[in-house]
Every structure is written in C-alpha cells, then in structure tokens.
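Each chain sits in its own coordinate frame; assemble them with the hints.
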Amino acid sequence: MRAVFTAVILCLSVFYTYWAFTDLNFLSQMGRLGPGFFPRIIGIGLILACLADLAIELSRRSEPPPRSEYVGTVVLLVVLTGLFVFSLNIVGGVVAMAAFLLVTLTVLNRGRLVQNLAIAILLPTAIYFLFDVWLNAAIPQGIIFERWLS
Amino acid sequence: MELFDNLLLGMSVALTPTNLLLLLVGAMIGMIVGIIPGFGPSAGLAILLPVTFGMDPIGAVVMLAAIYYAAMYGGTITSILLNTPGESSTVASTFDGYPLAKQGRAGPALVMQAVASFVGGTIGVILITLLAPLFSQVTRNFGPPEYFLFAIMGLLLLIVMLGEHRILGVISALIGFALGTVGVDLETGMQRFTFGSAELIGGIEFIPIAIGLFGLGEVFYSFYVGIHQLGTGSIVQYEKEPRFWPEARDFIETRITLVRGSLVGFVIGVLPGAGATIASLVSYTLEKSSSKEPEKFGKGAMAGLVAPEAANNAASAGSMVPLLTLGIPGSAATAVLLAAFLLWGLRPGPLFMGQNPEFAWGLIASMYLGNMGLLVLNIVAIPLFVKIVKMPYRLLAPAVILVCVVGTYSVHASMIETWLMLGAGVVGLFMKLLGFSPAATVLALVLGPLAEEALRQTLTISRGSFAIFIERPASLWILVVTAVILSVAPLMRRYQRVA
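Protein sequence lines correspond, in order, to chains A and B. Going by this note's numbering, the first residue of the first sequence is number 1, and it counts up by one from there. Going by this note's numbering, the first residue of the second sequence is number 1, and it counts up by one from there.
The set of hints was computed from the structure by calculation and includes no laboratory data. Computed from a predicted model, the values in this text were never measured in an experiment. Even glycine gets a Cβ: it sits at the ideal position worked out from N, Cα and C.
Rough simulated footprint, nothing fancy, chain A against chain B, three-plus residues with beta-carbon under 8 Å:
1) 165-178
2) 188-199
3) 394-404
4) 426-435
5) 456-462
For reference, chain B alone in the conformation it holds in the complex (with noise of 0.2 Å):
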C-alpha cells in the first residue's frame, strides 16, 4: 500500500507541466545522443549538466535522466539503417538488425526495437518500484566498510571488463582517485597538491573533466578515426517497404525473449561497473544458445535484435538501483548523473528515498511516462530522427565543441575550468586512442573521495586494524559477492567475444 502511495507521489510530481515538458526535452535529446556515433549518453549527459543549473533540480534530473535512457532507444536506429551502433550498447543490435533492413524489414525491426526497449525498459522500472526499497532498508545498517567496499566493486568489475587492458584501467582508476585527491581535506584542513592556487583549493572539478574527456574526446577520436568523412550513402531507404508494421508472428516468436532480456539486463544493471553494453552482449549470446534456430542468428532474427534491445534499456534502469540507495554509480553515466544530484545538495544513499520521497520518487514515476512517451516517439519520429542520422558529423562536431567550451564556463565562469576541459579533452583522446578508460577515471573521481572518507572512518574505527572487513558480516557478504562476481565476469567477457 505505501508502495502505491508512493508511487501516486510520484506521478503528482512528474505529471506537472514544466517536468512533462522537460522528460520530453530530454527524451528528444537522448535520442538525438543516442543517434550521433561515437557519442553516449555519458558525453550527453556530462555535456547537457550545465544547462539544468537554472532549473529546479526535481525537473532537471527527470530531463538528464530520459537522456540517459532515451539514448538506449536511439542507437539503435543506425544500428538497423546503417549497421553502425549509435552508442555501445547497441552494438549488439547490428547483428540481426541489419541483416533484417537489408532483408526489406527495416520497418518491423524499427517498430520491434522500439517495443523491446519499452518492455525493457518498463519491467526495468517496475522492478526498480519493488526492490529500490528493499534495497534502502538493507543498505541501512551498512557503515563505512560497506561503503568502501562497495565503490572498490564498482571500479574492480569495470576493470575486470577492460579484458586484456586491465593494466590500462588500474591506472585509469588511480588517476582519477589521483584527481580525487586535490583541494582541501575535509578532516584536517589541510592542503594537498593544491601548489598555491585559489582555485585548486576547492578540488578538481568533476564537470570539466567528465566534458573533456567524454564530449571534446570523443569529438577529436571520432575525426581521428574519420567518422566526419562517414557517408550515409548506404542507409536503408525504408520508407520504399511495401510493409512498416511488424506482424503478429514477430510478437509471438519473442514474447519470451523480451522477458528473458528484460530481467538478464536488469540483473547485470543493478552490478555495479557492468553496465548496458555487456547487458546487450550477454543477453544476445543466451538467446542465440538457447534458440531452437541459433543458425538463423546474424542473418536477420527478430529475437537477435529484440533480446540486446530489452536488456540494455533495463540494465539501464537496474544500474539506477545502486545511485539512489547507495549513492555509488557503477557506470560513467550514472556517475554523472550523481555528480548532478550532489551539485542541489542531494546525497542519494540508504535514507534517500526516505527523507527526499517527492525528488526519488518523481524520478521513477517519470521513468514510466519516458518510456511510454519514448515508445511513441520511436515510431511516430522515425522520419525525423532518419533526418538526423543522414546529418554530416562534419555539421554536428563544431556545434558539440561550441556546447562543451561554453557549457563548462558558464558553471563557474572559470577560465581555468575551461582550459582545464580543453586539457583533458586532448588527454581523452590519447587514452581512447591507446586502450585507456576514460570511464574508470571519471568514476574513480567521483568515487574516491567516498572511498577514501570511507577507508579512513573504517579504520579510525578498527583502530587500524582491515580485519573489521572480514569481520562485520555485511562487509564480509561484499566481499564474498565480489568475488563471486569478479570470478563471472571472465565468463561475461567471453560472451562478449563471442558475440
């Protein structure tokens, strides 16, 4: 009954009619970021950050976080018209949503993509309304220890997902704990590396850093790598299909395959440093094992398409589970999305959903409304989000350097911030270039000074002494699980190859 009571707060307050306008806004936007290559909603969201800082911060979180969804539904479309995934997560969608344009079904994979991810998205959020507080009152009696291990988790599993570049993501991790550590420390006042500087006390920004190395970074890699000469010659003329909608069989075939999706991706979302893209990876290589007809996987199967498209939209409402019953991301975009809530004052954890229900409860309740307003847009905006796609990259990149140049100064019309950007920018390239993880680093600086607060309280407690994480049972269920997940994630990885 509190459930529903809750959930009614909710819809009162995300069925107002600046944040109705704003979940559209931001859904558009997602899927415009979700159609551009090479551009995720992390760059999305560290790009589009500074513009909510006039809003009122109910409102602007419900808009960066239809972007953050929203950007699921979008890649998908280059994936089937131009076998190019818009965004990671949809790399997987290229392998039977191609196939199926050429085949002369782009319009059916269109309108299935579109369904899948409502689905997915959906059961995403339903199973976020039952377990998000359950999950509040578990996390309750969880003290430093727990909070230290669990943002190690974070960062470990991502690592662990690098494969052979794990080397890479350790230092990419320590970098940013590196960043983490600069300005004054909160205990004892003092300064550290901060080498006389005003504007070093206060610490490294988070904002300019995420820019720089999700939005300038990826601009100059994508130029690196040529995408602004991409033609879209080869994109399926769709609109020529004798057929748009998909028919009764494409629905029966893989009823079970949306459920199937929906639930591995919600799974794989709530682990922290997992995220949608292995979600999408994963729950493809099960369909295609478990299929009566696994030969027909790669040449056009409406279940390879579906089963990549419910999970990354769930995982990405599982990874919300984390963020706001703990307050630890477990992927670059959720860690955005953190910094976002701790810019209005909001600490997300055990008793966030508790003492802010109006602020997380309009969140999810808004997630509802996005995905059936998404579900909508998807097939009523196809034509105009195909104007998009066909859009040159050579138009798109100045108008991104112009937001992410102006976007960081107008935070706190800071000159150095800006360069800052810029640095950092130049710095993204060369790490994306050479294996690094420009993820690892932001999350590791919006994780390390939790962690080392952590790690510092839990000693002062245990008098110096780590086996209190061994000692405590909940620290030591962690720790078990993470082990338990880090011996997984090889296996995921494999199916990730293998995919």
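Next up, chain A with everything else stripped away, as it sits in the complex (with noise of 0.2 Å):
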C-alpha cells in the first residue's frame, strides 16, 4: 500500500519537475535566480526520495497498516463529509449542517433518536450564532433559499 501511494506521489513530482523546467525560468530576464530554480531543486529532491523510498519498499516489504474493520465507516464518513459540502451552497449551511449531523448519528449512534435529533438541531443552530452573527463570518445561504428570499 505503501508503495502504491509512494507512486502516485513519485507521478505527481515528475509532472511538477517537468514544469519547472520547461515553464520556469532558472534566471530572471535580471540575471538573478528565477521562479523555476526553487521548484527544480524541490521537484527533483521528490524524486529522488521517492525513488529511494520505493527501492527500500520493493526490496524490504515494510509491515503494511493494521487492518481496520471499519473502512467501511471511514469511507462513509468521508463520502457524507463530501456530501455536505456540496450541499452547502445548494441548501444553505445551516441545512446542510443539520442533515449531515442528522444522517452521520443515525449511523454512528443507533437507536437514540431523541439525543441525534437534539445534537442535530442544537449544534447547527450555535455554529450559526457563533460564526454568522457574533463573528460576522460568511456562512452560505443557499442557492435554494436565496431564490426563495429574492
């Protein structure tokens, strides 16, 4: 697995490294160092570690992560998490927040209901007081309810 992600990195800084030679200069039209000569010198440093770090995991297979009976958890918490986010401009934050925790607890903790449905309610509605009226920070509306409100 290990390898695997070491790879996807190692793709990712040979496109970053062909950048920065082909599209940065190494010297500025000043003759002082350039915006590339950073980049090339990081791009290829990548490269080469995640060359060395491939050879030593071909070569000495390192103890793979523990196995986890909830991947299926952690990737519906990441699939809600993804959800949620995309609802945020649809359905206004304050929605989004109350389903997404609504949703997430019914998974996480069944069979309590009442207990999800206070959190659902009460959490939301303090992160919108908190955030949107005392610090004046943004919070979506939501395409839905700003059509509704004009």
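This is how it looks when you write it as structure tokens:
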C-alpha cells in the first residue's frame, strides 16, 4: 500500500519537475535566480526521495498498516462529508449542517433518535450564532433559500 | 528594569476583561482538545483559527496560545484515569499515572500533574521573559543566510526524529515545500503551477491544508483504528477514593524533579523540530536513570508522572522563543500560531518584540495568568473534564467535522478551499496510516516561502556562491549547532524507545 502511495507521489513529482524545467525560468531577466530555481530543486529532491523509498519498500516490504474492520465507516464518513460540502451552497449552511449531523449520527449513534435530533438542531444553531452573528463570518445561504427570499 | 516595565505593559494588556475572558475560553477549549484522544493542539489550533478572525488580534493570539499550552494539561487526565494519552506529549504520563490511579491514588496523581504542569509552564514563561529579549538582540544581526539555515534546521530535526521513517519525513517536507511554490512568484511576478486558475494565483492557503491534515485526517484515522468503539468502562473512579489531595511527601520527593523536568523541557522546546513529546520522554528517562529507586518507575512512582508533565509544559513555552524572536516555528502547532500572526499582518522576528511590545508582552503576560488559571481549573473542574472523557467519540467526531468544514469555508467563503480541505483530510489519513509526517508537510508549507526567499537573497548577495554559509560567523555557528543537534538527535530517539 505504501509503495502505491509513494508511486502516486512520484508521478505527481515527475509532472511538477517537468513543469518547473519547461515553464519556469532558472534565472530572471535581471540575471538573478528566477521562479524556476527553487521548484527545480524541490522536484528533483522529491523524485529522488520517492525512488529511494520505492527501492526500500520493494526490497524490504515494510509492515502493512493495521487491518481495520471500520474501513466501511471511514469511507461512509468521507462520502457524507463530501455530500455535506456539496450541499452547502445548495441548501445553505444551517440546513446542510443539520442534515449531515442527523444522517451521520443515525449511522454512528443508532437507536437514540431523540439525542441525535437534539444534537442535529442545537449544534448547527450554535455554530450559526457563533460564526454568522457573533463573528460576522460567512455561512452560505444556499441557492434555494436565496431564490426563495428574493 | 526595562524587563519589569515590559511585563507591566504586558499585564495591562492581558488583564483587560475581554482578554481575560478569551484566555479562560482558550484554556477550557485547550483542556478539551487535550482530553480527546488522537486530537492534538495542532488540530485544535487549525480548526479554531477561523473562529478568531472577527476578534482583536491580541485577544485572538492570547486565546490560541492558551489552547496550545492548555492541551498539555488536559491530555494527562485520560493518561491517568484511562491509560489512554489524550495527545502524544502525554504518552509518558501513562507510565506511572495509570498505575498510581490503579493503586487508589488517582486524586493525588491528578493534583500533582496539575502542579507539575503549572511549575513547568511557569518556569518556561519565566525563561521566555528573561531569554526572549536576549535572543532578539542576538538575532538582530541575522541576515538571509541565517534565516534559511534556521528554517532548514527545524525541518531536519523534525525529520531525524522520525527515526526509521526518515525518508517518508523528507518526502512529506518536500510535498509541503512544493505546495508552497504554487502562486505568483513575488520577485518576478510570474505565475507558478496555477494552471490558469484565478483561485490559485494567491497560492495554496495554509488553513485548509492544516485543518484537513490535522483535523479531518485525525477524525478519519481515529475511526479507522476504532477509537469510536472504545469504551470508558475501565475509567478509574477517583471519587470513591478516601484521599483526594497529595501528601506532603509527594511534594518533598518531587521538588527537584519538578525543576529538572522543567529545565530539560524548556531546552528541548527551544530546539526547532523537537517538541513537547520528545521533551516529556527524555525527561522521564533522565529521571528514571538518575533515580535511586528506578525499579519503582512504571509501577506508580510520583516522580515518573511529575517529570514528563513539567517537561511537556516547559517545552510548549520554550517553543515560543524561536517563534517570537526568529519568526520560525519549531513545531506544527507553532506553525499554526505563526500562520495566525501572519494573517493579522504581524511578522515575528528579531524586531518583533521591540516594534510590537504590547502584542509580544501581552502574550507573555497572558501565559503567566493562563498557567495560574489552569492550575485552579485542573483541580476544581476535574468532575467536568471527567464527564467529557466519558463522552463517546461517535458523538464528538461529527461535531469536529462540522467545525472543520464551516471553519474552512468561513475564511474566504471559498468552495475550492473547502474541497481542498476535504482532499487534505483523505491524504492526511493515508499519511498517518503509512508513516508519513503531516506535521513536516504543514511546517514546510509555512517555512517554504520564507526559505525560498531567504535562499534567493543569500545567493544574490554571494553572487551564487554557497560558501557564504561558512564565511559568515553567524551562519557557521548555526551550521555547527545544527550538526551537534543532529548528532544528539539519535540519542534522544533512543531515549524515546527506552521509555
């Protein structure tokens, strides 16, 4: 698994280094060190480090990460967080927060509907007041509510 | 005399009702951050940084700093009562803290850890008060070569401390450097790796990456390893013990340990890249090796609890020295603090304390008050914190995800940054699983632009010659010190393993 992860980084490093060499100048027009100087060093360093790690990994396989019976839960959590981010601008921050909490807690905290409902209502309300009212920070209104309000 | 005046100025800033309230809030949040297993001060700081944007900069930094050092206090409660460290710097506190609790001495252990944390934190702040102005004076003569070397020194030490995962540390740091090169090159105005995207012209923001790697990544990792299924049934019921307060002999026997642990912790904390975890483990092992009764360690020796506790709190204070006087963070948590400083237009460095005395001394004074407040809070509010310990992780985690997402969005109202944070969270999970270092990535992301600027200036001054690094006395000194520290680092690693 580590070899795959390092190989992905290696591919990205090759792309990064290629870009640094072809698109960014080593020297500026004034003859000073240009925008490509540092990225070239980093790119070459990354490629060498990734190759070294791959060589180590392939010659002496390191211990794989511990197997987990909760991979499904992690994937579900990532997907739910993705849906939450996606829905922010559509249904608005407060509704998206409440929906995310209700769904997530229904999965993680089964059989406690009242507790889950209370958290799903109270926490987004508190966060709304903290960010939007007290700190004047942006919480998305959502396209649906913007249209409805206008 | 000037020192006294500066402290008075700092106290006048810190003692305003708003700043005192923010200090208390920061201390409470820090305690809670410390208590939640797998959730360190870096994550807490990164997630709560956006919350401070609407605040006055001094109050905000006072609160963020309080979160940082209060996490050291909070992490020990679970170490003692549950044998589960709240965060990495309190791992050493489980060695004797939990056995003490099992012997029916949880109350005295909780009080002694609060006292040790207070002594360590306060000695650390006294040393900052005395040494930071001196450091500022010395570093005033530093130029780009010295800044570059200091930035690299911190990263090198962090990587060396990763032990057998060193190569992964190098890759992690280089990823951070690479991310730091995205955006407009400030010297030539040329765009780098922006692929025509207007959102990337300003560069990759630090906050989404830090929140993703530390906050969201930690939550995903905790679920992967099953922390949400851990019960708190084995928690020690300290309320049923006949005696809550420590005996006089506990104080007498550990008085030298308290001072020794604090001094060791502070020195290690000042070193960029070492940090509170290393400090606590080194202090524990030193205490064990210098004890007349080393066989008692690991079986409930009060000195075995006091030594790491004093050290990790002194180290958190010590790590403020390079941050305030050089503008170079030595750890992931201080990197987040530096990001906060920069967001408010403050650039820490040799002139910082002289040019912003209210800010710098207000922060230092607040640390004295914060440690006093935390001592009281740790003893008085133990029942409250035990209730939080008992709160299931499956309820806390969705709330943390919520704050991560909303906090990231609220900074620039940017959906791209929010998606970036989610991506960083997934990458953070894999980094933790496979032995990479998210801390090195975040530190390099902050240090990258500083290091690049310093290196380019250095080579412009020297007309392309790297010999400048050994020709300037200050640079040469830093190189020598770096070499010494790097050769001592494996020894510290050994201490870590032995402990």
